[in-house]
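Asks: Starting from the given sequences, assemble the full structure and let the hints guide the process.
Sequence order for the protein chains is W and S.
The working numbering applies: residue 152 is where the first sequence begins, and numbers increase by one.
The working numbering applies: residue 152 is where the second sequence begins, and numbers increase by one.
When chains are identical, the list treats them as one kind, so a pair holds in a single copy or across two.
Here are the computed lysine-lysine pairs in the DSSO-like style, where the Cα-Cα straight-line distance is at most 27 Å:
(1) K168 <-> K204
(2) K211 <-> K228
(3) K318 <-> K342
(4) K310 <-> K289
(5) K204 <-> K175
(6) K275 <-> K318
(7) K168 <-> K203
(8) K161 <-> K211
(9) K211 <-> K289
(10) K203 <-> K161
(11) K318 <-> K211
(12) K175 <-> K161
(13) K313 <-> K342
By construction, these hints were calculated from the structure, which means they are not laboratory data.
2 protein chains.
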Amino acid sequence: MSYYSPSIEKLIESFEKLPSIGHKTAQRLAFYMLDLSQEETEEFTNSILNAKKNLHFCSKCFNISDTDPCNICSNPKRDNSIICVVEDVRDVIAMERTHEYNGVYHVLHGSISPMNGIGPDDIKIKELLTRIMNEETKEIILATNPRVEGEATSMYISKLVKPLGIKTTRIARGIPVGGDLEYTDEITLTKALEGRSEI
Amino acid sequence: MSYYSPSIEKLIESFEKLPSIGHKTAQRLAFYMLDLSQEETEEFTNSILNAKKNLHFCSKCFNISDTDPCNICSNPKRDNSIICVVEDVRDVIAMERTHEYNGVYHVLHGSISPMNGIGPDDIKIKELLTRIMNEETKEIILATNPRVEGEATSMYISKLVKPLGIKTTRIARGIPVGGDLEYTDEITLTKALEGRSEI
Numbered sequence: 152m153s154y155y156s157p158s159i160e161k162l163i164e165s166f167e168k169l170p171s172i173g174h175k176t177a178q179r180l181a182f183y184m185l186d187l188s189q190e191e192t193e194e195f196t197n198s199i200l201n202a203k204k205n206l207h208f209c210s211k212c213f214n215i216s217d218t219d220p221c222n223i224c225s226n227p228k229r230d231n232s233i234i235c236v237v238e239d240v241r242d243v244i245a246m247e248r249t250h251e252y253n254g255v256y257h258v259l260h261g262s263i264s265p266m267n268g269i270g271p272d273d274i275k276i277k278e279l280l281t282r283i284m285n286e287e288t289k290e291i292i293l294a295t296n297p298r299v300e301g302e303a304t305s306m307y308i309s310k311l312v313k314p315l316g317i318k319t320t321r322i323a324r325g326i327p328v329g330g331d332l333e334y335t336d337e338i339t340l341t342k343a344l345e346g347r348s349e350i
Numbered sequence: 152m153s154y155y156s157p158s159i160e161k162l163i164e165s166f167e168k169l170p171s172i173g174h175k176t177a178q179r180l181a182f183y184m185l186d187l188s189q190e191e192t193e194e195f196t197n198s199i200l201n202a203k204k205n206l207h208f209c210s211k212c213f214n215i216s217d218t219d220p221c222n223i224c225s226n227p228k229r230d231n232s233i234i235c236v237v238e239d240v241r242d243v244i245a246m247e248r249t250h251e252y253n254g255v256y257h258v259l260h261g262s263i264s265p266m267n268g269i270g271p272d273d274i275k276i277k278e279l280l281t282r283i284m285n286e287e288t289k290e291i292i293l294a295t296n297p298r299v300e301g302e303a304t305s306m307y308i309s310k311l312v313k314p315l316g317i318k319t320t321r322i323a324r325g326i327p328v329g330g331d332l333e334y335t336d337e338i339t340l341t342k343a344l345e346g347r348s349e350i
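Replies: Given below as structure tokens:
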């Protein structure tokens, strides 16, 4: 049995659907919303609706963007001959944060995962190949997540791209900076050993 | 410097303004929103806008409600002669959850707090008095929070109501059920002693 009026009940339920929001937090957020002025509330809901309306996938790299092509693809200072392949839009942001990469991206929007019924045709691999064919690509950097699905996806793409004579690299897997050898799992340590470089 | 498109940036900022939502959670919520269908997004924003539009204060007890008078005030089974005075709408819900109270409520929307510049005229005390004058009230139960402000508010109201010959009670302060004497502060323990009852 609920003690709230229908409108509050509905509002709490809406917030409860969001990830990492439990019932108590949903209640707090709902009452916070009711305390806002009409203007502030509309600003909030409009930011959601506008984002949905304005954001599209970049037709080149499938990054999410207000513009098409996105501000990375359309930046003349970026090196179009190097493509970094990532699984998700958020991975682009993670890469950008390094300030070390000057190429462009290709967002796959997922990884090959037969367990979840996701095959190569369900992610943007075909689009990557079309892009490589039409552009002068010198290097493909595979930056998928170092998990089973990410590794499989990288392997799959490298098998398709290598015969085209394009340099294909995979980002290093190893011990994270600040990490501890003692607490590093065997697979990571094996990868760190394999990936060792001369100093 | 931001790596996101303006619309995403704005959306993340909107979520970040909410209480108990940090930057990381705001990012997660923003991307979750973008993953929703247009229909689901509108359902979410509408639940907010509808709540703002439909919810009003009950003109009798100042509880928040879709209807006026609220479903508690308009319920013929509730005893209108007993008024439980609380600080906040959420306190009504807390009381209702006990299933033990059959009277009506009066929501003050705050407590007297000179430190924060909130005087008796800033909360719904005048409205409570008008209500008592016009209705046949037998008992006022003061259920403000057992903090300095709540106690002061209760004291203030009791001084106004008692001369009218209306029974005025204060909810008991003591050790919470399941609590531990060892870890109970002296003030609570003093109140628990004072409020002892014969068994």
